[in-house]
Amino acid sequence: MVRHSVGGAPSEPAAYLTGWPLADATACARYARIGAGPRRRGAVERSTLSNGATTLDISSVLFFLLAIGVVGAGLAVVTVRNIIHSAVAMMVCFGSLAGMYALLGAPIVAAAQVLIYLGAISVLILFAIMLTQAGDANLPAPFHRQGPIAVVIALVIFGLVTWAVVQTDWGVAAQAVTANVEAIANSVFTTFALPFEIISFLLLAAIIGAIYLARRPEDDERAG
Amino acid sequence: MGLTGYLVVSALLFGIGAFGFMARRNAILMLISIELMFNAVNLSLVAFNAFLPSDTNTGAVFALMIMAVAAAEVTVGLALVIAIIRTRQTPEVDQYSDLKE
Numbered sequence: 002m003v004r005h006s007v008g009g010a011p012s013e014p015a016a017y018l019t020g021w022p023l024a025d026a027t028a029c030a031r032y033a034r035i036g037a038g039p040r041r042r043g044a045v046e047r048s049t050l051s052n053g054a055t056t057l058d059i060s061s062v063l064f065f066l067l068a069i070g071v072v073g074a075g076l077a078v079v080t081v082r083n084i085i086h087s088a089v090a091m092m093v094c095f096g097s098l099a100g101m102y103a104l105l106g107a108p109i110v111a112a113a114q115v116l117i118y119l120g121a122i123s124v125l126i127l128f129a130i131m132l133t134q135a136g137d138a139n140l141p142a143p144f145h146r147q148g149p150i151a152v153v154i155a156l157v158i159f160g161l162v163t164w165a166v167v168q169t170d171w172g173v174a175a176q177a178v179t180a181n182v183e184a185i186a187n188s189v190f191t192t193f194a195l196p197f198e199i200i201s202f203l204l205l206a207a208i209i210g211a212i213y214l215a216r217r218p219e220d221d222e223r224a225g
Numbered sequence: 637m638g639l640t641g642y643l644v645v646s647a648l649l650f651g652i653g654a655f656g657f658m659a660r661r662n663a664i665l666m667l668i669s670i671e672l673m674f675n676a677v678n679l680s681l682v683a684f685n686a687f688l689p690s691d692t693n694t695g696a697v698f699a700l701m702i703m704a705v706a707a708a709e710v711t712v713g714l715a716l717v718i719a720i721i722r723t724r725q726t727p728e729v730d731q732y733s734d735l736k737e
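These protein sequence lines map, in sequence, to chains L and Z. For the first sequence, my numbering assigns the number 2 to the initial residue and increments by one for each residue that follows. For the second sequence, my numbering assigns the number 637 to the initial residue and increments by one for each residue that follows.
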């Protein structure tokens, strides 16, 4: 990997980012941990030769920043004691994921993530928390008794999936390919027209079900 | 960054969501953990779509559809949770033991 000196590059932000030491250290630590060092490093060097060093390294730095945002906020969601703080950490996690979708060349999915998750679902969850919060200062213990077992099961899930991912030779391009919005729209309304219609029906059923569930019993008596 | 990095982040987020669903006592936080797992799956789908491109962009389309399903799920789930909390006066799921007693 090409290294530029930090001092000689104030006029070139790309070269400055390339020399950022933390991203390289994190990358090496991660590759060493998942045991895929030689193959992955070879892929990085190949794409460096074909595409130039600066673009690849900027996307790597962005990837590691967003990955830290996603994983750190996710950990905060499940460990923080106050549930309002959990919801705010969840919004940070969803925002970082939207950035990751944009980095993957899927701007339409990033926009949908911001609209649906950050705009709709987060607000819905915050409303639910405010409707149900007891308001007393002494918060109850956040975890069940089976917390340690849950840690073990979650680590087993993560380990198995990571092992499968690292073992598989995907045979893929080294660079993300940008998804054409027009092509996505075409396939939504032609190839996947039936799932699209089923989803519209599902949303209607969800609206009716939510109205029915959230209604108080005394509303029925008052209505008739 | 290659496909492996995105998939490892996705697996990590799914593990975090699974832990939160199993270990937390608050019903609303269990729903939030389910959302984290949905997002982990979405991330892997979009990553596959970017690195293994297809003519129909199946990964991106199904990520959008999973978002719609997640919105429907969280709507009904939160309505259920609010209805339960209204009758039981607590969001702690280990207090919901009427059927056991």
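Treat the hints as calculated values from the structure; they're not laboratory data. Quick caveat, the model's predicted, so the values are computed rather than measured. Glycine included, C-beta positions come from ideal geometry on N, C-alpha and C. It cannot be assumed that every hint is accurate.
As the list claims (entries may be wrong) - Some chain Z residues flagged as far from chain L (calculated, every beta-carbon gap over 12 Å):
#	residue
1	E671
2	L735
3	K736
Unchecked claim - Computed beta-carbon distance windows for the label pairs:
#	chain 1	residue 1	chain 2	residue 2	range
4	L	G120	Z	A719	21 to 27 Å
5	Z	A719	L	A121	44 to 50 Å
6	L	A186	Z	S733	45 to 51 Å
7	L	I199	Z	R722	28 to 34 Å
8	Z	L688	L	Q147	27 to 33 Å
9	Z	Y732	L	V152	42 to 48 Å
10	L	L204	Z	A719	34 to 40 Å
11	L	L204	Z	S690	22 to 28 Å
12	L	V153	Z	S690	34 to 40 Å
13	L	N83	Z	R722	35 to 41 Å
14	Z	L688	L	E198	34 to 40 Å
15	L	T191	Z	A719	20 to 26 Å
Each hint, compared with the structure:
no.: 1; hint: E671; result: violated, 7 Å
no.: 2; hint: L735; result: holds, 18 Å
no.: 3; hint: K736; result: holds, 15 Å
no.: 4; hint: L/G120 with Z/A719: 21 to 27 Å; result: holds, 25 Å
no.: 5; hint: Z/A719 with L/A121: 44 to 50 Å; result: violated, 20 Å
no.: 6; hint: L/A186 with Z/S733: 45 to 51 Å; result: holds, 49 Å
no.: 7; hint: L/I199 with Z/R722: 28 to 34 Å; result: holds, 32 Å
no.: 8; hint: Z/L688 with L/Q147: 27 to 33 Å; result: violated, 38 Å
no.: 9; hint: Z/Y732 with L/V152: 42 to 48 Å; result: violated, 23 Å
no.: 10; hint: L/L204 with Z/A719: 34 to 40 Å; result: violated, 20 Å
no.: 11; hint: L/L204 with Z/S690: 22 to 28 Å; result: holds, 26 Å
no.: 12; hint: L/V153 with Z/S690: 34 to 40 Å; result: holds, 37 Å
no.: 13; hint: L/N83 with Z/R722: 35 to 41 Å; result: violated, 22 Å
no.: 14; hint: Z/L688 with L/E198: 34 to 40 Å; result: violated, 27 Å
no.: 15; hint: L/T191 with Z/A719: 20 to 26 Å; result: violated, 40 Å
In terms of the numbered hints stated before, the structure departs from hints 1, 5, 8, 9, 10, 13, 14 and 15, listed from lowest to highest.
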